Each structure stands twice: as structure tokens, then as C-alpha cells.
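Q: Turn these sequences into a full structure, and let the hints guide you.
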Amino acid sequence: MQLTDLTMLELAAKLAGRTVSSEEATRACLERIRQVDPKVRAFLRVDEEGALAAARASDARRKAGSPASALDGVPLGLKDIFLTEGVETTAGSRILEGFVPPYDATVVRLLKEAGLPLVGKLNMDEFAMGSSNESSAYFPSHNPYDLSRTPGGSSGGSAAAVAAREVFGALGTDTGGSIRQPAAFTNTVGLKPTYGRVSRYGVIAYASSLDQPGPMARTVADTAALLQLIARHDAQDATSAAVEAPDYSADLEGGVRGLKLGVPREYFTEGMDPEVEASIRETLREYERLGATLVDVSLPHTKYALATYYLLAPAEASSNLARYDGIRYGQRAKDARGLKELYALTRERGFGPEVKRRIMLGTYALSAGYYDAYYLRAQKVRTLIREDFTKAFQQVDAVLSPTSPVPAFKLGEKVDDPLSMYLMDVFTLPCNLAGLPGLSVPCGFTKAGLPVGLQVLGRPFDEARLLRIARAFEREHDFFLRPAPLQG
Amino acid sequence: MPVSDFQPVIGLEVHAQLITQSKIFCGCSTAFGAEPNRNTCPVCLGMPGVLPVLNQRVVEFAVRTGLALECTVKKTSVWSRKNYFYPDLPKGYQITQYDLPICEHGRLVIDTPQGEKVIRVLRIHMEEDAGKNVHDAGGGQSLVDLNRAGVPLLEIVSEPDLRDADEAVEYLKAMRDVLVYLGVNDGNLEEGSFRCDANVSVMPKGSSTYGQRCELKNLNSFRFLKQAVEYEISRQVDVIESGGKVIQETRLWDVNQGVTRSMRSKEEAHDYRYFPEPDLPPLHVSDAAIDAAAKALPELPRAKLQRFTSQYGLPAYDARILTAERPLADYFEACAAHYADAKKLSNWFLGELMRLLKEEGTPLSALRFTPAQLAELLGAVDKGTVSANAGKDVLGEMFRTGKAPSDIIAEKGLAQVSDTGAIEAVVDDILAKNAGEVEKYRAGKTQVFGFFVGQVMRAMKGKGNPTLVNELLKKKLGG
Ligand SMILES: [Zn+2]
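Sequences listed follow chains F and Z, in order. Here the first sequence is numbered in this note's numbering, starting from 2 and rising by one per residue. Here the second sequence is numbered in this note's numbering, starting from -16 and rising by one per residue.
Heads up, some of the hints might be wrong.
[To be verified] Taking lysine-lysine pairs in the DSS-like style, the calculated list, with each CA pair at most 25 Å apart, reads: (1) Z:Lys228 to Z:Lys156; (2) F:Lys381 to Z:Lys65; (3) Z:Lys65 to F:Lys341.
Everything labelled a hint here was simulated from the structure, so no lab data went into it. Computed from a predicted structure; not experimentally measured.
A: Written as C-alpha cells, this is what we have:
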């Protein structure tokens, strides 16, 4: 067994017992990256020097008997959407190529303060727009369970790196499912916290009212431990909730006996891959065996969620991305004559097709004369979707569904068909529209060996219960132990 | 039809920079005149990933202003983004308030030749300022200074209730007085911390339909406002007279040519794509906060002026000058507490004190003597301890040194001689030396009386009590 096969908490135990040093663990990650990343291509940038320096500092703290946190010394990867002081951050876009931020995102600061060496920046769909990592301006990442397939998006690099055991865990962001869908595609656990639970300060914005950073790891317990470090009120984010974070690890093994779990009928319709459906059905039965009661619930406005999302998210994005104008940082069209041409050429060359598509959609949706018909109406539907969940949670403790209607698809398969790509988010994005926490936990494999994920949705700030529900299943079916078939 | 057949309709949008220490969404300083881009941080530079955090002081100021202008302060208001591209706008959007501003439906009273007039205030909203582009600075380049980006502004929009350029100027002056009184704005037009746009249209007299309006941008002096509005009214009348149509557009006042120029027409105007700012939750202002602001509201210029005429019995002219600035009014009242004759006090204020302040360029806050000391000096003049003229010298000395008036009078020997015996001796002496003039006087040429007064005063180095000097002279000459 290699060092990189350990879970975060297993490694943390060894670091605490000082049988392994953080420097050894970090070097193991760097070595694993050298071996497998040419195939997986999860990393945009590896910060070897920075990670090793942090590891050595961690070892010094361990030696002095004063670790900074439970995970002090555990190497981690970051989606390239998190600003890291002194390390290039591009959000997967050409327009930010060469941009070295002068400050850390709040979550990055928290991780550094907790002593975690940050190994590098992980690939992503450009500005988090995409469901397959193929809209990264640099290269697509590959799914470690089948290199011809996508690891999902937009946190695909994070998911692939965790699944390929290049890092022990990672942070991603989830705007419409970008943590949960890649987690489901790569046999990892991904948690999108309640909107406002984790600070967005220093996280490059896609759609401000939907974006939420969250942990990605190989086990539920690791996910809980990682969430613990970043779930904190932040005065620099006006949408950050002033709600005290509980101990997410305390009640993990509490089981599901007596819990009422909702099965939304709108999530089990045609179009779902039969193997995914079978796997989910089996998972639901397992929950019954474990003592939970399944309750049929209805979320009637689900069918409008996709359209609502693809009005609201691009509208916000069109505004959020206006700052990339070539004036102050990032790429600039140096041959432009005049101001208008400077803007046009910089953005024409700097943005990829998916980003341009969404900027156009959003600009249109906000335009005078269309605002009421599109943006405003979408906001109203968003309220209805939120109310659907509020009603459902009066009956049940959590809602279960597939994370994705299909397992990981082939690279290139949907890249020319944006609409079918958008459909990949159909189960995940209602949760973002409602601002709720959602989690994806591995629940099986297809015959071809592709992972399947179960999605657990909960009430606002009920992350602890979601983790407990996921853990109950994970304890019975340790799919996380099944490694990706990568020759190291 | 001549201009007089048309009725101008004018509305003003006032932009007032709030006197906060820090910017509206970050902690950067708002100090004027810093080195370019010194007062900036990732937030006001619009770096990726940054988020705005509202400066609560800005809300306090907006509420205070709203209450002073008799607006309804909304308990819930909403931030919006106004989207457009410009190099001085770092985020590509301005955070402002749009359809749900913090204050609505207020009023401001102004004076017109026809008497008082109420100008309705449509709305007040908060927003961030943009930066500044500096063109052709170095080798034909354009440079951007973002020190001002994120400085808090209030925008106060009037209804189109103003009917000529003079009313517009009155309104702007009255608004400035209110904001300065409230301590929310420094009223400094030169530095651009108080400026306005004017919406101007004309319609035939008697019409009930407004004409097409033009917006005049960035008028940064009362004079330019008057000139620009007057020019624009006659321009629009000319257009209509010659059979043309006024088109809705934004125009700039060309200071050198004395004309307004088209900046952009409505057809190529921006679609700002306003939508609620997702990075800032809706703003809630509690009843308690509104009550507290209402209780802390100072007396406003107009009310103070009225009180100065009624309470102190001052003429309107005096009251207007004394209440034009809050510190002067406060100082006057502090003196009035020690000295009963308000008109006499006002004369000293409007005469000597204002002259000294102006000549020395001293702000009122730097005065070195107390209101009680000023009152003491005036009392001394009244009692004849010192002459009115010498009193002016004493005030000058108090102004420069801060010494007590009694000390100055003693040190400089300015005390008036009221000793009848001493004056009588001088009078006798002067009469003896000028027997010829005495004859003339007694022969009926009473005009020479002033000559004797002058001689006595000169002999006494100006310190003779003028009343006694007059009395004694009359007695002796008559005798
Ligand atoms: Zn700043």
C-alpha cells in the first residue's frame, strides 16, 4: 500500500503519531502526480516548492507538539478558481493567463492556517462553466476510472486528482452541481454546503447567488473533517451566514434509523441510464434495511429548474465577467486600436466558446425589454422551487436522488451539443437554486466499471445530517476502497 | 413664438460625496488628492474574487439626509448593478440602488421672487463613485486613477418642479446648505464632491405635456448650472421655432464656448442591464435606527433662519448670513447667550468678525477667544469703558493673541477717559487756544463744533468719552 492510498484521516493519524511526516506525504503526492498526471491531467499547475515548505513547517509544528488543526500536514489540491497569493490563478481561462493574485481567498487562508500543504491548482471548466472539464482553455482532464471519459465538471480536475490519489482531498466549487456531479463520476464524495456556509471571498465568481465552495474527498469522514476547516462566517462576504458550524464529525456514525428520507418522484423519470437507476434503487432499499423510512415526495417545479438556472446563472455571469476587459490584469489585446477594439479583441481572444455563449445568454436575459420575461420570471420560479423543498422538508429529513442521470460520458461525446450537456445538471441544480446543502456519495458501479453517485439533499445548514446519512451507506458498502485502474 | 411663450421644466439630479473616512464597500481611505491609485485595494480595483462589504456609515448618512428632506425611509431597499464598460469602472458595473432606493418622496423648500416654493424630491439612493481617466498623460497614453472608485455618493433626484434657471440654482444652493448642515457632504464643488446633472425641457405655455428632455451632465458650479440651463432653454426653443424636434440626449456644458454639446443620443445610449446585486443582501434599516437618526437631526438652515429672525429679532439679511454656515450660527448663538443685544452682536459679526476671518483666512473653529470674551468686549463698549473704535482694535488683538479683552485694554491703555475733571481741563485748554473759533461759534456758526470735538479727542489721544466731551463742549461754548 502506498502512502497516497491513505484517507485524509488515516494520514492525519500517522502524522499525529509521527510515523509519517508531512514532507513524506507531500513528496508522495508529488511523485504520484509525476506518475499518473500525464494520463489524468488533473493539474494546471503544481506548486512543489510552496507545498514542501508548508509541509516542513507542519512537521516542525508536529515536532513541537502544537499542530494547527486535526488535518495539519495533509496535502490538498485546489480548484484553480481559488485565489492563491503568489501562485498563478486562471479559472481555466486564457484571459487570466499569467494572473498572480496578491491575496488568498478566505478558504485558502483558512487551509493555510490549518497547516495543509497546497499541492497545486486543479483543472476546471473555464470560469466553472461546463459539466465535463472540456471547456477548460488548457486541456480536458480525464476520468481515472476510464481515461477516455470525462471526470465531470466543472470541478473535474479536483475530482480526478482525488480519485487518482494525487492528493488526499481537494476543494471545488458548485454552482449547478459542479462538486457533486464530478464526485459521482469519479467514485468520490463531494459536498456542496448551504449557500453562505463557506465564504466566497477570493473565489472567482461565476454566478454569485449560486456559487458555493465545498470539500471533495474519498470518504465521508474526510469530507466532514475538511468542511470543518472552511465552514466559517466571513465578514468579507456579505452573503456569508453568521451561523456557528457544529462538529461535523461528532455524529457521523449515528446511522439512519428512524429518519424519513424523501424520494422525489420528479427525479425518477425517463432519460435516466438504466444502470444508474438500478444502482440508485438498490441504494434506496439499503437505506430501508438500515432503518430509514422512504417517503414519496413531490417537487413539482423541478421541470423548470434547468431553464431557470440557464437564465439566472448566465445573467450573473455576464456581469461578473465584465471585469475581464484587459485594462488592469490578465491578457490584453495589445494590437487593438482604440478602446472599443481593446475590449472586443481582448474578450474575443480571452474567452472560450462556452463562456461567450453564457455571456450572450445572460446579456440577452437582462436586456431592457426582456428582463421581465426572462430574468424576473426566472427569479419567481426560483422562489417556487425553493418552496417545493421547504414543503418537502416538512415531511422528510432529507431527499435522495441520483446525482447524475448518466455515468461519466466519453470525452467529445457531448461537446458539440450544449443542450444535452446542460441536461447533465438536471438533478443537481435545483439544490443551488434553493440554496440548500447537497452531497454526492459513491453508491455503486456500472458493469463497465463506471462509478455511480447518490445525491442527498437537506435543509439549510443541515450538512451534519447529510454526512451521517451518507456515512451510513458508506459503512455498509465501501466502494471508496475500489481504486481507479491506473497503472502508476 | 419667443422664449417667453415657452415654459421650461427642469429637474436636478444632485450627486453628493459622503464624508466618510472609508469607501462604501472596502476600507480604503476617501481622502482627496492622494497619489494616483494609492487609495485602492483588491475590492475597489475589481480584482477577481473580491466581494463588497457595506460601510454602515453610508446608510446612516443616507437615512439622515432622507429624514432632513422629509422622505420616507424604506425599511428594505435593494442594491443593483448598473452594467457598462469603461476603464474607470473596474468591475464593469457600478453598485447602486435602482428600483428600490433607500428614500423616496421628500421635499425641499426654496425661495423664489414669488415666495416660498416646494420642490419635490423623487428619491435618494446610495451608490459608489467611479475612478478617473487621465488622457494623454504620458506619451499619448490614457491612464486610470482608481482612488475615487468606491467613494460613497448620494444621488438625490428631484421631480421636474423647477421652472427656470434661477430656481434651479436656488434649489442646488438650498440642497447644498442642507447636506453641509447635516455633516454628510462638504459642499465642495471644485473638488467635485458636490455636483449635479440637470434635465431640461420646454413646452408651450399653458401646455400640460412636457417636452422632450435633454440631460446636462456634470455641472460643477452654480454659475455653470445657470448658464447651461439658460442656454439649453433657448436652444430648445430655437429648435422648436425652426420647426425641428428636440431629441432626447445627454449634453455637456462647454465652459469655453458657453454652449451645450451633444455627448450621445438616446439611440446609442447604454442598456445598463440593471439587476439586483447578488453579492449584497437586501438592506434592512430598523425602526430604531430611523428613530435615532430623527432624534439626532440638527436644526436645518431654513428653520434656523426663521428662528434667528423671530427669536433674536434680526433682519432677514443678517439672519441669512449668520445661518449660512452652521459653525457661524452656532458661534453666534453662543455669544448671544452672554450678550442680550442681538442686533448689535450681529453688526459686530457681519462687520469686524467676518472681516478678520476673511482677511486672516482663519476658520471659525480656530478662533482663539471664547464667546464670553467677545460678549465682554461688547459690554465694555456699551459701558463706555472703551470706545467703539478702540473696541475694534481690541477685537483684532483678541483674534491674534487670544488674550482677554480687559487685559488688552489695560496693556494698551485703551480705556476711555470718563473723568469729567480731566476732560474739562482739556476742553478749557482747547477753548482758550482757539478764541477766534469760539467767537465764530457763539456768533452762530455752529458748524465749528466738530472742530472742537476733533481737537479735544486728538489732545486726549482718542480716549476721551465722546458723550462727555460733547456735553462739556456744549456747556462751555454755550456759557
Ligand atoms: Zn479599496
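Q: With reference to the structure, classify each hint as holding or not holding.
A: Hint by hint, here is what the structure shows:
no.	hint	verdict
1	Z:Lys228 to Z:Lys156	32 Å, violated
2	F:Lys381 to Z:Lys65	21 Å, holds
3	Z:Lys65 to F:Lys341	19 Å, holds
The structure fails to meet hint 1 from the earlier list, while all remaining hints are met.
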